[in-house]
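Number of protein chains: 2
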Amino acid sequence: MLRTLFERTPRLNGSDAALMRKEIQGYFHSTFDRYEQLFEVLACDQAYYVKPIPLRHPLIFYLGHTATFFINKLMLANLVQERINPEFESMFAVGVDEMSWDDLHDAHYDWPQVSEVKAYRVAVRAAVDQVILTAPLTLPIDWNNPWWTLLMGIEHERIHLETSSVLIRQHALPFVNPHPAWEPCHRTAAAPANGLVNVSAGTVRLGKGKDDPTYGWDNEYGCHEASVQTFQTSRYLVSNREFLSFVEADGYTLDDFWEDEGRAWKNHTRADFPTFWIRDGSNWRLRLMLEEVPMRWDWPVEVNYHEAKAFCNWKQEQLGQPVRLPTEDEWYRLYDTAGLGEVPSDRAAAANIHLDHYASPCPVTEFRHGELYDVIGNVWQWTETPIYPFDGFQVHPHYDDFTTPTFDDRHNLIKGGSWIACGNESLRSSRYAFRRHFFQHAGFRYVISEAPVALPSSRYETDRLLSEYAEFHYGDEYFGVPNFPKALAQLAVQAMGDKPARKALDLGCAAGRATFELAQHFEHVTGIDFSARFIGLATEFAQQGVLRYTLTDEGELVFYRERKLADLGLDEVRRKVEFLQGDACNLKPMLTGYDLILAANLIDRLYSPLTFLSTVHERITPGGLLLIASPYTWLEEHTKRKEWIGGFKKDGESFTTLAGLKEVLGRHFRLIAGPLEVPFVIRETRRKFQHTLSETTIWEKIG
Amino acid sequence: MLRTLFERTPRLNGSDAALMRKEIQGYFHSTFDRYEQLFEVLACDQAYYVKPIPLRHPLIFYLGHTATFFINKLMLANLVQERINPEFESMFAVGVDEMSWDDLHDAHYDWPQVSEVKAYRVAVRAAVDQVILTAPLTLPIDWNNPWWTLLMGIEHERIHLETSSVLIRQHALPFVNPHPAWEPCHRTAAAPANGLVNVSAGTVRLGKGKDDPTYGWDNEYGCHEASVQTFQTSRYLVSNREFLSFVEADGYTLDDFWEDEGRAWKNHTRADFPTFWIRDGSNWRLRLMLEEVPMRWDWPVEVNYHEAKAFCNWKQEQLGQPVRLPTEDEWYRLYDTAGLGEVPSDRAAAANIHLDHYASPCPVTEFRHGELYDVIGNVWQWTETPIYPFDGFQVHPHYDDFTTPTFDDRHNLIKGGSWIACGNESLRSSRYAFRRHFFQHAGFRYVISEAPVALPSSRYETDRLLSEYAEFHYGDEYFGVPNFPKALAQLAVQAMGDKPARKALDLGCAAGRATFELAQHFEHVTGIDFSARFIGLATEFAQQGVLRYTLTDEGELVFYRERKLADLGLDEVRRKVEFLQGDACNLKPMLTGYDLILAANLIDRLYSPLTFLSTVHERITPGGLLLIASPYTWLEEHTKRKEWIGGFKKDGESFTTLAGLKEVLGRHFRLIAGPLEVPFVIRETRRKFQHTLSETTIWEKIG
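First to last, the protein sequences are chains A and B.
Numbering-wise, the first sequence is residues 4 to 706 according to my numbering.
Numbering-wise, the second sequence is residues 4 to 706 according to my numbering.
Bound-form chain A, shown alone:
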C-alpha cells in the first residue's frame, strides 16, 4: 500500500475562502508533484523523445502539456494576464488526440530540452500559486466561477497522470526504471472460476446537478433516467486466465467473433493476443508499467473494446445465451445494488483505485463489492454505450471541445476507474470515453441479457447544410423574423377552417418543422424530401426527441446547439408524423388522399416544377388545400431554364411565376389566399444570413 493518500477532489462549496485557497493549493501541489514523479521513472533523456507508439507525441510533450494547459486556460478565465512562454504555450497546447496525423510529423517539432520544460513547470507552479494566493475568490466555486477553470487545470492533469502512465507502459522497457513511488501489486494466485450473479431490475439516475460540490466535466451534467431490466453479470472482471481460453480457441485467428470495426482493427494491427501480454516460448508474461513479470492469471485482462466484444461473442456461442458488455445504465445498476459510495477522503478506498493501493492491477478476487468484485477500481470496464450528452448538456465556455468531438458514436464509455483513476476520475458521476480500439488500463466484465442495447443519439450534426436547416427550423429567430415553417403551417391550418383534417403532406419538408407543426392539427402528417440526409435528420429528431448540431461562429469556430421537441411543444405529435425520402416530381402512387399539401420553398428547386404542379391535384381530396411558398429563385443548377414556370419574358411580356402558377393550377384549383410575402432567415455564420421573402399562395381544389 502506498504511504499517504493521494488528495481527493475538493468539495467547492465551503464558505471559508482562506481555507478553500489552502485546500486548492494542496490539491494543485499534490497533482503537479505526482505528475512530475511519474516522469521520474524515465531512464534517460532519450526516453522523453522516442515515441512510445507512433501515433502519439513523445513524453516530452506530455510533460509540458499539462503545465501549458494551466496558463492557456487561466488566461481565458482572466486569472492570468501574461504568458510565461508563448512558444511552449503553443507547442504543447494541442496534439493529445491520436488522430491528429498532421501535427505528429516529427519535422514539425523541435522539442526543447527536458531541463527547459522542467524549468518551465517551475515557473507555472509559481504562477498558479500566485493565482491561488491572490486572485479574488467568491465562494462557492461553481461552473461560472473563474476558479472553476483552475480546477479544470488540476483535473486535466490528473487525467494525464493516467494516460501518461499508459504511454509509459507502452514504452520500450529500457526506457523505464522501477520506482518506489510506483510499486505494483505483487500478489497473484490461481484465477477463480467466474460465475454469474443476478441483478434485479431497477431504475438508474445519472447526471450531475450544477449544485454538486465537486468539479465535473461538461458531459457529466444534465439528467438521464432509465429502467434497467433484470440481467446477469460476471462476478469477477474477466481475468487473464479466463481470456486465455478465448485466445486458445483461436479467438484472434477466426474472424467470426469480431464485429466489423473490430475485425478491421485486428487484421490491420495483426493482434493475436492482448497488447500487454508477452509470449515467452510456451509461457506468457505480462508487461506492467515499469517491468515485465510472469503472467498474473488472476489479474484482470486489459484489452480494448473490440477484444472484449469478441470475447463476449465467443462466450455467447459457448453458453448459448446472449452475452455482451454492460451498458452504462447497467453498470450504474451494479454500482447501486453493490451499495457503493464515493472514495473516502480519510481512509483508503475499498477498491484498487486512486493510487490507494498499487501502481498496477491486482487479483480480481481482492476487492469485493456486495455479490460482485471490482465494481469500481482495478481496471476500467468497457461498456456497449457510446458516450452521449445527457438532457441539458452544455459545453463549458473555456473548454468547448472537451467532450463534443467524441459525440460521434465512435467513442465508448469506460466505467469504474482503474488503480490510477484519481480525483474526478474516481467519482461515481465521471464519464470517460475512448475510441474502441484504444488501450487504457481497461478490461471488462460481461453480462447476459435479452435486453437490446439502446444506442442513444450522441451525434452533433456538423454537415453545414443540415446544421443551417436545423437552426432554420428549430433554432433562434434572427432580425425578429418569426419561424418560417411554423408560420406557414399556421397559415395552412387557418385556411383549413373546419375542413376535414385527416392527412397532410409536407413536400420538401427539409428538417421537418412544418410536418410536426401540421401534426398539431392533422391526424397524420407525412414529410417528404428529396434529400435522404434531411429525412435522416427529421426521423432521428422524431425518434429521439432531441436534435444536436453545430453552428458556425466564424471561420472554423463552431458552437453547439441542442433542441428538443418537448421544448417546442411538439413532443405529443411525434407519433403522428413520418418522414420519407421521395421525389416531388415522381411521387409514389400511394401518396394520395391528402386534405392539405404544403410545398414550402420547393418549386424553384425541382427539376420539373410543371410535372409536380400539373399532377398535384390528383393527390388532394376535393375541397382540400395546396399551399405553395417560394421566393422564385430560379437557378439553372436546380431547374433548367426551359423548365421554369415563370420569371421570364413570354410572348414579349413579363411572365411572373405567380402568373405561371395561375395558368397551371387554374384548371383544378381556386386561389383562396395570397399572394403574401412570408419572410425567412437562414443563418450561415454568426454574422452572415440569407434573408428571403417567400411568396405564399393557398389554393383550394375545385370540388
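In short, the hints are calculated from the structure, not lab data.
Please note that the accuracy of each hint is not assured.
Repeated chains share a single entry, so a pair holds when one copy, or any two copies, can fit it.
[Claimed, not checked] Keeping only pairs whose Cα atoms sit at most 25 Å apart, straight-line, the calculated DSS-like set for lysine-lysine is:
(1) Lys489 to Lys691
(2) Lys691 to Lys653
(3) Lys567 to Lys213
(4) Lys665 to Lys691
Position chain B against the provided structure of chain A, taking the given hints into account.
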C-alpha cells in the same frame, strides 16, 4: 401627291370623351388599314413566306405581329380580358429584333395561312373597336392611363408600317407589284453641288414633358439641355451623285476610311456600294420599294451608319477639315434654326414626310427649310450619337423593353423622319435608334466641326455582381437597414474629430459610395479596388454623375434603375475623388500619408490579410485612423486557410478574428472604437437578400 392626308397622331388632352373615342378610332382605323394596304403589294402568298433577308422573319410574321401586339398589351392594361387566339398571340409576339437567331430557325415555325392571319386581324379590329367604344375613359390620356397602351398599339403599328416597307424594298422584285396607293416620286434631275451652311452656336433643349399632349415612347421623356458650338453643315442631304464620288474613289475597297466596326461589317458582307443601288453594266439603277428605276442622282443616298461615316472620313481627307455626322444635339440645332414646327394636321407637310407626298424619296432640292434642305423628311439622317436616356428616364410598365435593350452604345440615333415616318415618328421629339449596320430609309448630311462628339453614357450595368453592388451602395434600403458605406464613412468622420482631414483612402471601395461620402469631409479621397470592373463603374459614376443598372426581379425578369450623384447630395465632391485599381496586399509605395484608411468588407477577401494588416501603418499619418469592418466570412476561395488571421482554434483555444486583429495591429495602433456590428443588406432578387453584420473597429496609429 397622295390623295388624302394620313391621320396625324392625336392630341390626348381633349375634354370630350366621345370626341376622343371617335378620334382614336379614326386613328386606329387609318393605321390598321394603311398597314394592310402595304401588304397588298405582295404579288402572291409565297411572298409572305420567303424571307426578304435571312436574319428577319418573313412578312407573314409582320402581318400578324402588329395585331397580336394590340391584344397582348391591352391584356396587360386590363382593357381586354380574353385572348382571341393564344397560339397566334404567342407565335407573332416576339422575333422582331434581327439578333434573335434562335427564334429564326424555320423549323420552329409552322406559319398559318395568309387568310387565317387576315381573319385574325378582322377579329382584332373588332376587339379593339369594342375597347374604344365601351372601355371607361378618363381624360386626359396620359402615361398612366390604361388608354395610353391603346395608343402604344397604334403607334407601334405605324413603326412597323415603315420597317415593313423597308423589308418589302429588300424583297425580290418578283414578289412585289406596283400599287396605286404606294406611288413613288417620279421627279429627278441632275444632282446639285452640295455646299456648306454656317450654323450659329446655341442651346438645345430636348426631352418631352409628361404633360405633352401627344403619345411618346419612354426614351423621349426627361430632359437634356446642351450648348452647341458653331459648326457648318451640308446644305443638302448627301445625294446618290455625291456619294458616287466616294464609291468611285474606291471607298468600299480601301479599308482606311472605315471605323473598326464598319470595316468588319463591310468585309463580312462584301458590300461595295449602297444596298439599294444596282449595277447595270456601266450604268446604275435604283431599287425603290416596288420597282427598279434608273439611278436618281439627285435623290438622297440611303446607307447605314458605317457607310455614312466612311464617306465623312473620306470627305475629311478631301477637304482637310474635320468632317463627321451631326450629333443629336446638332441636329436639333438645325431644326431650331430652320424654324420648323410639327407636321400640320390640316395640310400637307412642307417636307417629304408622313406619306404626304410620295411613297419614296424625292430630290434633295425639293423641300427647303431655311438655308438648308430636308432638315426633316425624305430620308432619316444618321447621327454620331448612340441613343441614351435623358435625365428622368423611366420605362413604361407595359413595354419595359422598348428602349432599354438599345442602351448599349451600339444603337445610333436617326433623326428627321423619312417619307413614310408617320404619327409619333414625325414629331420633333421622336427618337429612334438602330444598330449601325442596319438599313432603313436613312441617309445623312455631314457637318464640319472642331467640337468633339460627347458620347453620353447610355449603358445599363447588367453584370449581376456590379448591379448588386450598385444597388448596395446607391440604391434603396431594405429591412430598414441604413446605407452601409455611408454609415461607415460617418463613423470614420465622427472618430476623426478635428484631426487633420487631408487625404483618405477607401481600400476595397467596390462601387465607391464610401469614397464619395468621405470626400465630404476630406480634401481628397482615393478609392481602390482589386476589381477593375468596380473601378470602371465608380469612375463612370464620378464622371457622368449618373449610374444606370438593371436589378433582377425574378428569374430573368429585370427592372431598370438610375441613380444620380446629385440626388445623393454628392455632386459637389466629384472633383475630390479618384478611383484606381490596386491590390491591398501589394499597394504602390506612393499611396501613403493618409489621415484615414477605411477597409470595409475587405480583410476576409484578401489573399494575404496579414500582409495588409502588418504594413498598413506605413501608409497612415501619425495619429491617423484605420477603420476595419468585416463579417469575418473566411472562405478558402478568397483566403487560403493558412492565411486566415482568426476564426480557428489556436493552441487549443478559440482564436477570433478580432483577437487576430488585436495581435497584428496592436504593435502600431490603439483600438479607439468598437467592436460594433454594422449591418448591411445586398439585394440579389426581389425576394432574396444577403443580410450581414460587419464587425467594425477603429484604430488610431500610435504617435
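Here's how the hints hold up against the structure:
1. Lys489 to Lys691: Intra 23 Å, inter 20 Å, cutoff 25 Å: intra and inter.
2. Lys691 to Lys653: between (36 Å within a copy, 23 Å between copies)
3. Lys567 to Lys213: Close inside one copy (20 Å), not across copies (62 Å); limit 25 Å.
4. Lys665 to Lys691: For Lys665 and Lys691, the Cα distance is within 25 Å only across copies (22 Å; inside one copy 35 Å).
Checked against the numbered hints above, the structure breaks none of them.
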